[in-house]
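Undergrad: Position 132 of the sequence shown, counting from 1, maps to 132 under UniProt numbering, and the rest follow consecutively.
Just to be clear, a hint being listed does not mean it is correct.
The calculated DSS-like cross-link candidates involving lysine-lysine, where the alpha carbons are at most 25 Å apart (straight line), are [what the hints assert, rightly or not]:
#: 1; residue 1: Lys-114; residue 2: Lys-6
#: 2; residue 1: Lys-75; residue 2: Lys-222
#: 3; residue 1: Lys-190; residue 2: Lys-244
#: 4; residue 1: Lys-314; residue 2: Lys-148
#: 5; residue 1: Lys-321; residue 2: Lys-3
Using C-beta positions, here's what the derived DEER-type ranges look like [to be verified]:
#: 6; residue 1: Gln-145; residue 2: Pro-277; range: 48 to 58 Å
#: 7; residue 1: Lys-244; residue 2: Gln-156; range: 37 to 47 Å
#: 8; residue 1: Pro-277; residue 2: Val-87; range: 49 to 59 Å
#: 9; residue 1: Val-87; residue 2: Lys-279; range: 40 to 50 Å
#: 10; residue 1: Ile-206; residue 2: Phe-132; range: 30 to 40 Å
#: 11; residue 1: Gln-157; residue 2: Leu-283; range: 28 to 38 Å
#: 12; residue 1: Ile-27; residue 2: Gln-322; range: 28 to 38 Å
#: 13; residue 1: Gln-156; residue 2: His-101; range: 52 to 62 Å
#: 14; residue 1: Val-107; residue 2: Gln-322; range: 32 to 42 Å
Simulated from the structure, these hints should not be mistaken for laboratory data.
Even for Gly, the Cβ is constructed at its ideal location relative to N, Cα and C.
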Amino acid sequence: MIKPIKAGQIIKVSLLLAILISLPRSIYLYNMFSGGSIDLSGELVMDFLYRYIFFALFSYLILQVNTNLVYQKIKARHTVQLVIVVVIDFLILLLLLTLYHFMYYHVMGVDIDKRDWGFVKFNYVVLTVVLFFIARVLRLQTDQQESKLENERLKQQNLQNELAALKNQIDPHFLFNSLNSLTSLIRDNKPATQFVNKLSYMYRYILQSGDSNLVTVKEELKYLESYAYLIETRYRDRFQLNIKIDESFLDKKLPPMALQLLVENAVKHNEISASHPLKVDILQRNGSIFVENIIRPRTNLADGTKNGLINLKKRYALLLKQDLSIRQDNDIFSVELPLA
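Model the full structure from these sequences, guided by the hints.
TA: Given below as structure tokens:
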């Protein structure tokens, strides 16, 4: 979620810009007054305040649109957002100039001078350009601060995970040796031997992928095959995994164990029975991988942390700078995994 820039900060910048854009006229009036050319009458003060208020109001509107509104309300690519911002800025410019010209007569009691009106329009065009770039700077500063805070939170979380891993550490060689010993004991039982081999491969993959931020789709599917074998051993023909991925996708990358987590999520939350077997489809569309299954909620849900999808979304945001798309349409639960 994009953090909004505080209204107080935008108001301060708007008032400061209104002062700066009004400075040339202020200097001009001061020089005329000090030279005895004009009197500092109420009409001149009203004219100055009128211009200042409109400058401040215009600056506030443009900054709100450019820093908060578009980024919070419009979910699109950066280029599309940029085009939308420019269009909205142009419409606000036209609207405010029209209002400025219309209200000037009612406030000042006279029509604005044509030469002065041209100078006003020039000032607003220049101010629009300045505000556009100031908004970019404000947005960038806020995003960088939020990114630093998120990185600090992730560091703390990683430290906690490392501490938990140290507390529960099992020597990998001990486990592999134990699995090998178990394999030798059940060598005559081929299904059991196969089950242990798959379990051993899964554990090895988990350890190796811990050092990698991204893995290839090919590696992930091979790991998923081992996991699916364990699930199929448990549920027999009540579980089916249907994979349709072209070879051209196999070298693309995604976070490790992303597919396995989604399949595990489907197994954990859906009914698996002879009358309602669970079928999980893994397929490609629009350059992404989709994991889908029919929604049949369990009557008694398995215990869990309920953080699997949340953590996967955070990993995607951190590693790929993309959002994880989760949909529930027509009793179909679908998760889109973008690829790197």
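Undergrad: Hints first: check each against the structure and report whether it holds.
TA: Each hint tested on the structure:
1. Among the hinted pairs, Lys-114 with Lys-6 is inconsistent with the structure: their alpha-carbon atoms are about 38 Å apart, more than 25 Å.
2. A distance of roughly 35 Å separates the Cα atoms of Lys-75 and Lys-222; the hinted pair therefore is violated under the 25 Å criterion.
3. Simply put, Lys-190 and Lys-244 have alpha-carbon atoms about 29 Å apart, too far for the 25 Å limit, and the pair is violated.
4. This hinted pair checks out: Lys-314 and Lys-148 have alpha carbons roughly 15 Å apart, not beyond 25 Å.
5. A hinted pair counts as satisfied when its Cα atoms are at most 25 Å apart, and Lys-321 with Lys-3 qualifies at roughly 16 Å.
6. Between Gln-145 and Pro-277 the C-beta distance comes to about 50 Å, which sits within the given range of 48 to 58 Å.
7. Checking the proposed 37 to 47 Å range against Lys-244 and Gln-156 shows it holds: the Cβ atoms sit about 40 Å from each other.
8. Roughly 52 Å separates the CB atoms of Pro-277 and Val-87, a value that falls within the hinted 49 to 59 Å.
9. For the pair Val-87 and Lys-279, the supplied restraint of 40 to 50 Å holds, since their beta-carbon distance comes to about 46 Å.
10. Checked against the hint of 30 to 40 Å, the pair Ile-206 and Phe-132 fails, with Cβ atoms roughly 49 Å apart.
11. Judged by the Cβ atoms, the range 28 to 38 Å given for Gln-157 and Leu-283 holds: they are separated by roughly 33 Å.
12. The given range of 28 to 38 Å is broken by Ile-27 and Gln-322, whose C-beta atoms sit roughly 51 Å from each other.
13. As the Cβ distance of Gln-156 to His-101 is approximately 56 Å, the hint placing it in 52 to 62 Å holds.
14. Restraint check, Val-107 to Gln-322: a C-beta distance of roughly 51 Å breaks the suggested window 32 to 42 Å.
Violation of the numbered hints given earlier is confined to hints 1, 2, 3, 10, 12 and 14; the remaining hints are satisfied by the structure.
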